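Listed below, chain by chain, are the residues.
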Amino acid sequence: MTTSPPSLESLQQNDRDRVREHFSEDPDWLIEQRINAFFEYLHTPILARKRTPLNHRQFENLPLFTQQPPELGGSWLSAEMSDGLLVLAGSEVAVLRPPAGRTAERVIFTDLRTAAMTHFEVVKPYLARVARAANSKFDALNRAWWQNGVFLFIPRGVQIAEPFTVVHHQVASPGFFPRSLIVLEDDSEATVIDLYVSPSLKSGPRSLAAISVEAVVGANASLHYGSIEQLALNTDAFATRTADLETHARMDWNVGSFGSGLEVSQQTTYLNGTGSENNSLTVFFGSRSQHHDLEVTSVHQGAHTRSNIIGKGVMKGRSRSIFTGVTDIKQGARGSDARQKEQTLMLSDQARADAIPSLLIEENDVFAAHAASAGPVDANAIYYLTSRGVAPEEAEQLIVEGFLAPVIDAIALTEVRQRVWSAVREKVRE
Amino acid sequence: MAIEQPLVSDEYAYGFNDGDVSVLKFGQGLTRQTVEDISRIKQEPKWMLDFRLHALDIFWKKDMPGWGADLSALDFAKIIYYVKPSENQGRTWDEVPQTIKDTFERLGIPEAERKFLAGVSAQYESEVVYHSIHQDLIEKGIIFTDTDSALREYPDLVREYFGTIVPAEDNKFAALNSAVWSGGSFVYIPKNVTSPIPLQAYFRINSQNMGQFERTLIIADEGSFGHYVEGCTAPIYSSESLHSAVVEIIVKAGARMRYTTVQNWAPNVFNLVTKRAVAYRDATMEWVDGNIGSKATMKYPSVYLVEEGARGMVLSIAVAGKGQHQDTGAKMIHAAPHTTSTIVSKSISQLGGKTTYRGLVHFAKDAAGAKANVRCDTLIMDDLSTSDTVPSSEVGNASALMEHEATVTKVSEEQLFYLTSRGLSEEEATRLIVMGFIEPFTRELPMEFAVEMNRLIKFEMEGAIG
Chain A
49 MTTSPPSLES
59 LQQNDRDRVR
69 EHFSEDPDWL
79 IEQRINAFFE
89 YLHTPILARK
99 RTPLNHRQFE
109 NLPLFTQQPP
119 ELGGSWLSAE
129 MSDGLLVLAG
139 SEVAVLRPPA
149 GRTAERVIFT
159 DLRTAAMTHF
169 EVVKPYLARV
179 ARAANSKFDA
189 LNRAWWQNGV
199 FLFIPRGVQI
209 AEPFTVVHHQ
219 VASPGFFPRS
229 LIVLEDDSEA
239 TVIDLYVSPS
249 LKSGPRSLAA
259 ISVEAVVGAN
269 ASLHYGSIEQ
279 LALNTDAFAT
289 RTADLETHAR
299 MDWNVGSFGS
309 GLEVSQQTTY
319 LNGTGSENNS
329 LTVFFGSRSQ
339 HHDLEVTSVH
349 QGAHTRSNII
359 GKGVMKGRSR
369 SIFTGVTDIK
379 QGARGSDARQ
389 KEQTLMLSDQ
399 ARADAIPSLL
409 IEENDVFAAH
419 AASAGPVDAN
429 AIYYLTSRGV
439 APEEAEQLIV
449 EGFLAPVIDA
459 IALTEVRQRV
469 WSAVREKVRE
Chain F
12 MAIEQPLVSD
22 EYAYGFNDGD
32 VSVLKFGQGL
42 TRQTVEDISR
52 IKQEPKWMLD
62 FRLHALDIFW
72 KKDMPGWGAD
82 LSALDFAKII
92 YYVKPSENQG
102 RTWDEVPQTI
112 KDTFERLGIP
122 EAERKFLAGV
132 SAQYESEVVY
142 HSIHQDLIEK
152 GIIFTDTDSA
162 LREYPDLVRE
172 YFGTIVPAED
182 NKFAALNSAV
192 WSGGSFVYIP
202 KNVTSPIPLQ
212 AYFRINSQNM
222 GQFERTLIIA
232 DEGSFGHYVE
242 GCTAPIYSSE
252 SLHSAVVEII
262 VKAGARMRYT
272 TVQNWAPNVF
282 NLVTKRAVAY
292 RDATMEWVDG
302 NIGSKATMKY
312 PSVYLVEEGA
322 RGMVLSIAVA
332 GKGQHQDTGA
342 KMIHAAPHTT
352 STIVSKSISQ
362 LGGKTTYRGL
372 VHFAKDAAGA
382 KANVRCDTLI
392 MDDLSTSDTV
402 PSSEVGNASA
412 LMEHEATVTK
422 VSEEQLFYLT
432 SRGLSEEEAT
442 RLIVMGFIEP
452 FTRELPMEFA
462 VEMNRLIKFE
472 MEGAIG
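Line by line, the protein sequences give chains A and F.
When you number the first sequence by this note's numbering, it's gap-free, plus one each residue, and the end is 478.
When you number the second sequence by this note's numbering, it's gap-free, plus one each residue, and the end is 477.
Hints in this document: simulated from the structure, not taken from any laboratory.
Incorrect hints may appear among the rest.
[To be verified] With a Cα cut of at most 35 Å, we get these calculated DSBU-like pairs of lysine-lysine: (1) F:Lys151 <-> F:Lys72; (2) F:Lys382 <-> A:Lys360; (3) F:Lys183 <-> A:Lys250; (4) F:Lys376 <-> F:Lys333; (5) F:Lys95 <-> A:Lys98; (6) A:Lys378 <-> F:Lys57; (7) F:Lys89 <-> A:Lys98; (8) F:Lys202 <-> A:Lys378; (9) F:Lys95 <-> A:Lys389; (10) F:Lys202 <-> F:Lys72; (11) A:Lys360 <-> F:Lys151; (12) A:Lys185 <-> A:Lys98; (13) F:Lys151 <-> A:Lys98; (14) F:Lys376 <-> A:Lys378; (15) F:Lys202 <-> A:Lys98; (16) F:Lys202 <-> F:Lys376; (17) F:Lys421 <-> A:Lys389; (18) A:Lys250 <-> A:Lys378.
Here the structure is a predicted model, which means the values were calculated and not measured.
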C-alpha cells in the first residue's frame, strides 16, 4: 500500500492510476471495478435524507488511510468463539478459523481480499451485483475503497447450523470500509454475524465508516443474518445492506445499532422470487447526542411474498432517531403479506424520535399493515418497582429490558442475542 | 375479486355548465395588475392591497412542491384569476340571476337550506352570489358572511386574524390565494354562544380555466360551539381549473368547532388547499373531510394544539377514480402539555386511481403527557389502482404517547362470500362492505346532512353498482 495518506479531495483530481497504485496487488478486474465505483461515487448525489442534512458535512477532507499498526482488542479472541471465525483488524486478517464439519471443504469462508484472488471465479459474478441496485453513494465509496471484509459461499444443498462470526475491527484509521459478500446457493442454510467495533468507544480520531453487506439467497435457501454496530462516537457510519431473495428464499435480519455519532443506514431486501420471505428486526439505542437515521425497505416483486419489518428503539440523552420503514409492493406481487411495527421508548425529554412507516402499494390483491407507537416509561411501573425497594436506575433498566425483551429474546442466534443484551445494558448504564 | 363496476360512477353528475354568465371576467394569466385590479374592484383598504402584493412576490419566489400529486398539467398562465358572476349579492334566491339560481336548484342548495341549514352562502366563480342567515343566529351575535363583506363590515376583526394562521409564506398555493383571494366565508361565534345547526357554504366553478380562491376565516370565541359545512362542484372541461383555498380557524379556550367538507370537484380541477386551525386551552377542533372528486387533491387539514388540554381530530375519506390522485392527510402539532389528537383516514382507490395518505404527528418538547392516535385504512378495489401511506411522527417529549396503525387491503373474499351466500348480489355485497368501511366517516355527519350526503353519493353510484 502507498505511504502517502490520500484524502478524498485530492483523489477527486487524481485519476485511475491512483487507485491502481493503491490496490496494486488486486487483480485487474477488481481494479477496474474499483475505478468505476469511484467515479460512480463522485457522480452519485449524497443520500437525500430529509431529517439528516448531509450537505454540510465535510467528508471530503478526511484522509482515507494512514499507516497506523492495527490495535486489536483481545476480547474478540475469547474461547467461546469456536470455528467459523474471522477477525479483521482494518485490512489485516488477525484470526481465521475455518468451519468444522464434513461439508466444510465445499464451503468458502475467508477474507474478501483473499477470496478475490483465489476464488475469483465465484466472487466476480456476485461482487457488487446486488448492492448496485441500492444506488448508494456510500456503497459506491465502499466498492471503490474496501480494504477487506468477508466472503462466504455455501454451495447447493449445504446446511450449516453453527454461525460464522466476523469481527470487523476499526483500527486507528480515519477511513473504514468493511465489505461482506454472502452467497447461498439453492437449498442451503447458513448463519452469519458481522460485528463492527472500535478500539475505544469514546476516543479516537474523527473517522468515516462506509459499511456494505450484500447477500444473495438462492431458491429455498435460508440466511440468518446478524449485525451489531458499536463503532466509536467520533465515527460517521454509512451502512448499505442489500439482499436478493429467490423463490421461497428466506432472509432474517437482526441488526443492532448502538455506536457511531452519526449512523445513516439503508437496508433493502428484494423479494424477487415467488414465496420469498423477509423478516427484518432492527434494535437501536441512542444516547448522548447520537443520531441514527435508519431506513429498512422490503421490495415485493414476486407473488406470495411476505415481509415483516420491526424497529424497536430506546432513546436517552440528547439522541435523535429516524426510523423509516418502506413496504414497496410492485404490481404483480399478488397475494403478498407485508407488515411493519415500530416502537420507541423515550427516556429523555431532550431526545427525539421520528418514525415514518410507509406503504407504497401498486397491487390490490395484498395485505399490508403497519403500526407505530412511541411513549414514555410507565410512571406506575417505576413507582411499583421503587416502592418494593428497587433503585430508580435499576427500575429503569428493568423497564427498558422488558420493552426490548420480546424482540431480542426472539433472536435465534444465541451469540447475537447475548451481544445485543450486553450492548443494551452498557447503554442503559451510560 | 370481481367487482366490475366502480364504487363511484365515472359519470360526473355536476359536469354541466351555464355558458358565460359573468358580468366581469379577467383575461388569462397573473400579473401585478391582476392583483391590483381585484383589490380596486373590491375597494379594499390599503393594508389588504399591500398584503396581496407581498404575497404575490412570495408566490413568484416559491418553488412548486417537490412531492405529492403530479401538477405538471397546471399552467398558471392559462388560469383566469377573477370572474364576477353578478352585480349584487342576493339575500333571497329571487335576487340571484336566473341561470345561476337554476344551477344551485339543480344542486339542491335552496331545498337543503329550507330544510335544515342555519345559514347558507353560495359562491359562484369568484364572488358569493347568495347569502342568508337565520334571524335567531343574528340575534345571538353570530356573524356569518362572505369574507369580502366582512372586510368592509368588521374590518378590525378581520385585520386582527387574517393571515395569522396560514401566512402567505407557508407554501406556494397559500401565497397564491393570499394574492388573489376572493369570496369565502367569515364566521364569528361570540363567547359561550352555541350555533345549534350547521352553517353551509357552497362553492361552484362555472367557467373554463377558472381559478377559485376563496378565503375562509372562522373565529370561535371562548366556550362557543359551531359547525360549518362546505360543498364544491364544477363543470367538466378539457382544460384544467384550479381551486386553491385557504381556511384559517381560531378555536379559543373551551370552544369547539367542527368543519365538514364534502368536496366533489369535476375531474379536471386541481384542488390545492391549505386548511389550518389553532386550538387554545381545552378547545376542540374537528375536521371532517370528504374528498371524492378532482383531478388531483393536495390537502392536509391541520390543528396546532397550542395550549394545555386542546384536542384535535381529523376524520377523512378519499375516493380516487380514473386518472385521479387524492394526496390527502392530516397534521397534528402538539405544542402544549396534555393535548390529544385523533386521526382516522379511510381511502378507496378504484379504476386506476391513486390515494396517498400523508400525515404528521409532532410532539414538541413541551408536549408532556400528550397523546395521539392515528388510524389509516385503504381499500384497493382493482388491480389498476394504487395507494401510498406515508405517515410521520416526530416525538420530542419523553412522556408523550403516540399510536399509529394502518392497513391496505382489497375487499375481503370471506366477507363477500358470507354476504353472497346469503343472497346478496356481488355488487350489493361490495357496496355494503364499502359503506361499512367508510361508516366511521358518515357516522360523524349531522343527521340531516348525512341524508343529503347519501343522496349525493347515491346519485354518483347510480348505474355503477347494483
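query: Is the hinted pair Lys250 of chain A and Lys378 of chain A satisfied, with a Cα-Cα distance of at most 35 Å?
result: Distance of about 44 Å is beyond 35 Å: violated.
query: Within 35 Å, alpha carbon to alpha carbon, are Lys151 of chain F and Lys72 of chain F?
result: violated, 44 Å
query: Taken at face value, is the distance from the CA of Lys250 of chain A to the CA of Lys183 of chain F at most 35 Å?
result: Between Lys183 of chain F and Lys250 of chain A the Cα gap is close to 46 Å, so the pair fails against 35 Å, i.e. violated.
query: For the pair supplied as a hint, Lys202 of chain F and Lys98 of chain A, is the alpha-carbon distance within the 35 Å limit?
result: Violated, at about 43 Å.
message: Lys185 of chain A and Lys98 of chain A were given as a pair; does the straight-line alpha-carbon distance stay at or below 35 Å?
response: Holds, at roughly 16 Å.
query: Given the hint that Lys378 of chain A pairs with Lys57 of chain F, does the C-alpha gap stay at or below 35 Å?
result: violated, 55 Å
query: Does Lys202 of chain F pair with Lys72 of chain F here, judged by a C-alpha cut-off of 35 Å?
result: Answer violated: Lys202 of chain F to Lys72 of chain F is near 40 Å, above 35 Å.
message: For a C-alpha distance cap of 35 Å, please report whether Lys382 of chain F and Lys360 of chain A respect it.
response: holds, 20 Å
task: Measure nothing beyond the straight line between the CA atoms of Lys421 of chain F and Lys389 of chain A; if it is 35 Å or shorter, mark the hint as holding.
output: Judged against 35 Å, a Cα distance of about 21 Å means the pair holds.
field: Hinted pair Lys89 of chain F and Lys98 of chain A, Cα distance within 35 Å
entry: Answer holds: Lys89 of chain F to Lys98 of chain A is near 34 Å, not above 35 Å.
- prompt: Between Lys95 of chain F and Lys389 of chain A, is the straight-line Cα distance small enough, at 35 Å or below?
  reply: violated, 53 Å
message: Please verify whether Lys151 of chain F and Lys98 of chain A have alpha carbons no more than 35 Å apart.
response: violated, 49 Å
Taken one by one, the earlier hints fail for this structure at numbers 1, 3, 4, 5, 6, 8, 9, 10, 11, 13, 14, 15 and 18, listed in ascending order.
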